[in-house]
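Residue numbers (this note's numbering), protein chains in the order written: chain D, 62 to 441; chain P, 1198 to 1577.
Don't take each hint at face value.
Claimed, not checked - Listed next, the stretches of chain P that the computed footprint assigns to chain D, with coverage defined by at least 3 CB atoms under 8 Å from CB atoms of chain D: (1) 1228 to 1239; (2) 1268 to 1275; (3) 1290 to 1296; (4) 1460 to 1473.
None of these hints come from the bench; they were simulated from the model.
Note that beta-carbon positions come from the ideal geometry of N, C-alpha and C, so glycine has one too.
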Amino acid sequence: MYNHAALIESQASLLANRERVAAFERAVKGAVKPGDVVVDLGAGMGLLSLLACRAGARKVFAIEPGKVGELAKRLFAVNGVAGKVELIPTASWYVTLPEAADVVMGDLFRGGLRAMGVRQLIDARGRMLKAGGVLLPSRLRMMAAPVHAPREHEARIGVWADLYGFDFSSVQKVAAGRAGPAKFAPGDLAARPEILAEIDAAGGSGPEWRGRACFEFARPAAVHGLAFWLQTELAPGEEISDEPVHPAASWGQQFVPFREAITVNASETVEVEVAIDTVRDALNWTVIARSSDEHESSRQVYAASRDDGAEMIPESRRSAFLRASRSVLESLEASPQTARELTDALIASHGSLFPTRRAAEDLVADLLHRFAEAAPLGRR
Amino acid sequence: MIVDRIGGVLLEHGSWLADEVRVKALERAIRQTIRPGDVAVDLGAGTGLLSLMAVRAGARRVYAIEDSEAIELARDVVRDNGAVDQIVLLRGRSEAIELPEKADVLIGYLGLCDGMLSSFADARQRLLKPDARLIPRRFQLVGALATADGEHARRIDTWSVNHCGFDFSPIESCARQQPYPEDRRLESVRSTYGTLLDFDLASIRSRFTKTSARLTVQSDGVVHGVAAWMRVEYFPDDWLSHVPPETVPSWGNYLFSFGEALTMKKGDFADVTLSTHDGQIWRWQVAVCTAGGGERRIDFSTFSGFPFAATRARSLYAVQGLTALGRAAASAMGRLEEALGPPEGVASALTQQFPDAVPAIEAGRALVSEVDPARRREHG
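One chain only, chain D, in its complex shape (with noise of 0.2 Å):
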């Protein structure tokens, strides 16, 4: 809970990729004029309100609901630009800002392409930006490649094979066709990558993703899986690609391993299509093989979805998991009152529920921290 080693490496290597932080650093400052309202979508610790303040900003709403904005605020203040930035600690789909702004940026796409990013970006450049504003960024494109890649096909598909004399056949299936981080050098892929889907994201893009590549191969390969990441036009003319030549510059890649690797002969080709459903985080993509002749060799299908770890609750417990919820709102709309009396009401109403009394404090604790304010002092 207080230990936040993860949370400032990731802000350090941040700033340790040069080159990435010199383009924002350009592109911020060619799209924030003196004067101008601003949003920055996800902005962690602060670096690009801090550079859009730079650039004249006369107003910076910095979006970030995580902790790591505690560390911006501080950042704010010692930069002297706490009068200008207000940091709001709220997912920014729930945010309503006060006017609209001139440039809506965000550095959402660190370590990968989120669906949740897009959607934010999108749903701000409905919602928070001026007709003529600028997004940032303002172009994003899914790159792919096949990859040779036995050693990250063990460790995600081969280590299921055989455990200890058990069949995990069953966690083997799930697992191909699932998008996990990697780090490939730019020998591992074995075609040329190609544009699988882009958004445009200034223009009017929605946030559904589609699209589809063809792959040539010159040589013969064994082929374990896709590797994927994210090219990002900031501005025209100002991009930033997370493929696989600076190792260490880079946030790496995805990979997506095939349920078996897949021999490619020279001059054949891999076909590779895909849907992304943003809404419900769902990867649907088929991969053919096919033979300079124009036959089939091979036809793979996968889909990923958020709901495939999604808890199985009968509907009936589902429905008295949200009655009990509902009454704890409710009773906290009627009069303020406090965690310890919300979960004795609790427990009096819907103790079936709940086991233990420590699970009927973590619900209470859940949406006291989701939906809850502090009352005024003096208020009982």
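Please arrange chain P on chain D, whose structure you already have, making use of the hints.
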């Protein structure tokens, strides 16, 4: 290229299970501990491997408790291995779960994590018979003064220099006071070893522990902090140790940093006191004595190492009211509970009814998914 939670969970669990040194030590302990007809509890069961091993060793019933998506995958694994009648899968925190019978054996995952002691203590009290056998029985951290690689200096120095002309120094004191996960191949041990933490899990009463050791330098060099390695007793006198030169592939180690590089000579020493409250807060107090007669005192803690956010600290006693978003949440719960249409319809109705708190469809979707009991924990 969507960042996939299950892909990440599988990669992590796969790497633990692929560590034969650790898994074989655990299976040895399970085989020796379990008696035919035993009831066992598996705390942190993951995809179910250790539960299956307990059944293979003769357990009549195993309650497998896990608070992540992994347990949904365990359902198929348990079925495929014909253990449906023996293994009961329970999703959630062990503190919030009650069992129909008390267990003879506890199999527990234990690491340097939040609530490491309270979940064990709670399980011992509520879920186990008084004379239950424990795996592991004892947990130790062994430390020594160490030279880290350049990476460690970078972690702290990053914050003392300007980036893009901005002052990041407020983060420096946070960066010093974190226990960093380290790669021990990249560090060298300079001193004698000392025990810095020692939990006898059968007898431990307090969640707070404090242990001191004197570490004496054996070879001249630069010291960056105290490196610490785990040692766990799975069965009487059968220890699994990551203390050099022994190694457990899937275990890491930590460096409790001095926040600076100290030059120490043979015979110099450091008196180190490490304390923790339930793995949540770590404090290391060090008195370094060098031959030159110098003494330096370091007193770091992860609690003072991060800005305290008063708004996030909702104590048990603070009186609280409902936010506007909370009112919308209560309405969302009511609609979902009565199954008034699909989630998308509920999301859209919320934007109509609560335009201030739920300004757009993305906010409605986010809120619907936040209040759904099957989804709630994804939004922590």
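Now the hints, each set against the structure:
Check result for the region 1228 to 1239 of chain P against chain D: violated, 0 residues qualifying (beta carbon to beta carbon below 8 Å, three or more required). Given as covered by chain D, the region 1268 to 1275 of chain P passes the check, having 5 residues with a CB less than 8 Å from a CB of that chain where 3 are the minimum. Coverage of the region 1290 to 1296 of chain P by chain D holds [criterion: at least 3 residues with CB-CB distance below 8 Å; count 5]. Under a criterion of three residues with beta carbons nearer than 8 Å to beta carbons of chain D, the stated coverage of the region 1460 to 1473 of chain P fails, only 0 such residues being counted.
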